[in-house]
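Visitor: The lines below spell out each chain.
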Amino acid sequence: MRWSIYIVAVLLAAALDASFGSVLAIGELRGQFLPAVVVFALLSAPRKIGVRLAMLAGLVADLLAPVVLDSQEVLVVPGPRVLAFALGALAVIQLRSLLYRQNPLAGAAATLAFSLLAAVAFVFLFSMRALFLDGGAPWWPGSGAGEVWRRFLGAVGDAVVALPTLWLLGKTRPLWAFASSTRVSPGLARQGG
Amino acid sequence: MQRPRFIRTLTGRRLDWTLAAVAFVVSMLPVSALLPWTDDLARLLSVPLAPVTHFGLFLREQVRPPQAAFDPSAPETVQLEREVAQYRMLYEQSRLEVERLERSLATMRAVSARVDAPETRLIEASVIASDPSRRTGVLALNAGERHGVRAGAAALVDGDVFAGVIAPNVGSFSSSLIPASKLPSIGARIFPPEGSDPQKPASSYPGAVLKPTGRGTWTAEVATSLDLAPGMVARLADDRYGRAALGSRIGVVVSVEPVEQAPLARRVEIRPVVDLDGLSSVVLAVPAEVPR
Chain W
133 MRWSIYIVAV LLAAALDASF GSVLAIGELR GQFLPAVVVF ALLSAPRKIG VRLAMLAGLV
193 ADLLAPVVLD SQEVLVVPGP RVLAFALGAL AVIQLRSLLY RQNPLAGAAA TLAFSLLAAV
253 AFVFLFSMRA LFLDGGAPWW PGSGAGEVWR RFLGAVGDAV VALPTLWLLG KTRPLWAFAS
313 STRVSPGLAR QGG
Chain S
420 MQRPRFIRTL TGRRLDWTLA AVAFVVSMLP VSALLPWTDD LARLLSVPLA PVTHFGLFLR
480 EQVRPPQAAF DPSAPETVQL EREVAQYRML YEQSRLEVER LERSLATMRA VSARVDAPET
540 RLIEASVIAS DPSRRTGVLA LNAGERHGVR AGAAALVDGD VFAGVIAPNV GSFSSSLIPA
600 SKLPSIGARI FPPEGSDPQK PASSYPGAVL KPTGRGTWTA EVATSLDLAP GMVARLADDR
660 YGRAALGSRI GVVVSVEPVE QAPLARRVEI RPVVDLDGLS SVVLAVPAEV PR
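Those protein sequence lines, which keep their order, are chains W and S. The first sequence begins at 133 in my numbering and counts up one residue at a time. The second sequence begins at 420 in my numbering and counts up one residue at a time.
Some clues are possibly wrong.
If you want the ones that stay clear, here's a sample from chain S, every Cβ over 12 Å from chain W, calculated [unchecked claim]:
1) 447
2) 475
3) 557
4) 570
5) 706
Straight line, CA to CA, 25 Å or less: simulated DMTMM-like cross-link-like pairs of lysine to aspartate or glutamate [claimed, not checked]:
6) S:619 <-> W:160
7) S:630 <-> W:160
8) S:630 <-> S:518
9) S:619 <-> S:521
10) S:619 <-> W:205
11) S:619 <-> S:502
12) S:619 <-> S:694
13) S:619 <-> S:640
14) S:630 <-> S:516
Chain W regions said to be covered by chain S (calculated; three or more residues, Cβ under 8 Å) [said to hold, decoys possible]:
15) 226–240
16) 271–285
17) 292–303
No lab work stands behind these hints: they were computed from the structure. Don't be surprised by glycine CBs; every beta carbon is placed ideally from N, CA and C.
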């Protein structure tokens with residue numbers, strides 16, 4: 133797999149989420165492109181680099197979503213989404229042998245699982261931070277429970293956005309240079325015998 | 420040639436666990452350890468993303484144009500309405516300013532110190548990115564210290580709507596806008612929709628400290644004998660956000676409920692006038708001395 137293509141795709145998706153993303157929002161149901169890009173890579177890239185792929189995307193997401201502190205300062209915390217995306221990636225990697233990758237619904241289901249697990253980890257980590265440290269939670273003045281519900285809706289939105297995004301990314305598959313899993317074994321016909 | 424031992428060790432699962440451990444440690448670092456470097460790192464990332472975010476914002480405006488705050492009609496009417504709103508804000512601003520000066524006259528040595536206060540500088544800034552994960556997140560603006568932006572400057576929209584304040588960590592070419600709904604408290608004065616009565620003193624209108632509810636609205640307990648009704652306008656009456664923003668509209672009262680514990684008080688819920696989600700630009704009012 134070409135890392136350069138993945139990095140460009142992650143940056144493009146993150147930039148579109150930060151600018152065009154609000155158009156895709158219906159109330160609190162807000163889909164993002166970034167989870168779809170990560171899931172697309174996770175479904176085809178070698179398993180051993182899957183978690184690292186997701187962590188990179190999580191780092192980009194963290195850097196683009198600052199938190200407002202009680203002191204009215206803005207703080208960027210690189211880490212919570214890195215771990216959250218890693219957890220989501222572990223789930224998708226486990227799931228991928230069960231999924232028929234050519235089916236767009238399978239990709240959307242994987243995105244839903246990815247976003248849900250990432251959401252749980254994200255809320256947990258920021259709750260820990262808010263409890264034990266001097267940092268504010270990104271959902272303030274809302275509650276943690278409200279954030280869980282909002283993130284659930286966001287995961288549904290991510291799955292919906294993943295449908296066209298995965299189809300589009302599928303068209304660029306040759307660029308990504310994923311290793312083919314089809315093995316050609318020499319037989320009598322191939323040996324000319 | 421054989422690789423160094425630590426590189427051989429840091430591969431596969433071990434590398435993943437190491438990265439996860441680093442991410443966890445960084446996540447749990449205190450604010451003082453993160454503040455000096457993470458903001459610069461985020462700005463570094465925003466540079467290559469700027470062309471794409473500009474394109475995305477252009478697309479957004481084409482798909483969902485920003486909603487106008489008034490009914491679209493003849494251009495003269497539109498212009499007139501804008502001027503009326505602007506002058507109403509200036510009027511309320513001056514009245515609140517007069518009230519504030521009268522209150523503090525006893526403790527101030529000279530009024531001239533305030534009269535001679537330097538003029539406010541207005542800077543227009545475009546929104547270059549918003550928090551992709553939430554509606555009321557921090558907005559990134561394309562104006563920074565080099566353009567004269569200073570921490571604590573108030574941001575106004577549509578001429579007289581208070582949108583928020585600039586966060587303390589201002590970059591050279593960019594800054595962050597904390598939305599009004601993320602501020603812990605805002606001092607406001609509640610006026611009738613048609614404006615205040617010039618015959619009455621400004622202090623006769625009820626004051627309130629707005630607290631965010633988490634649903635994108637504010638709530639406040641108001642102790643007043645005056646009638647409170649939905650549709651009344653909450654205007655900024657808080658010196659912390661600068662004199663230029665004084666009197667600007669914050670929100671509209673959407674509900675009034677009695678408070679059981681305090682019979683004379685009522686709880687009002689206020690909805691913001693402007694939705695920051697579709698915002699493309701703001702005007703920053705930067706005074707020479709920003710109150711903190």
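Visitor: Hint by hint, note whether the structure agrees.
Guide: A quick look at each hint next to the structure:
| no. | hint | result |
| --- | --- | --- |
| 1 | 447 | 7 Å, violated |
| 2 | 475 | 3 Å, violated |
| 3 | 557 | 5 Å, violated |
| 4 | 570 | 9 Å, violated |
| 5 | 706 | 17 Å, holds |
| 6 | S:619 <-> W:160 | 43 Å, violated |
| 7 | S:630 <-> W:160 | 21 Å, holds |
| 8 | S:630 <-> S:518 | 23 Å, holds |
| 9 | S:619 <-> S:521 | 15 Å, holds |
| 10 | S:619 <-> W:205 | 39 Å, violated |
| 11 | S:619 <-> S:502 | 24 Å, holds |
| 12 | S:619 <-> S:694 | 32 Å, violated |
| 13 | S:619 <-> S:640 | 23 Å, holds |
| 14 | S:630 <-> S:516 | 23 Å, holds |
| 15 | 226–240 | violated (count 0) |
| 16 | 271–285 | holds (count 7) |
| 17 | 292–303 | violated (count 0) |
Hint violations for this structure: numbers 1, 2, 3, 4, 6, 10, 12, 15 and 17, all remaining hints satisfied.
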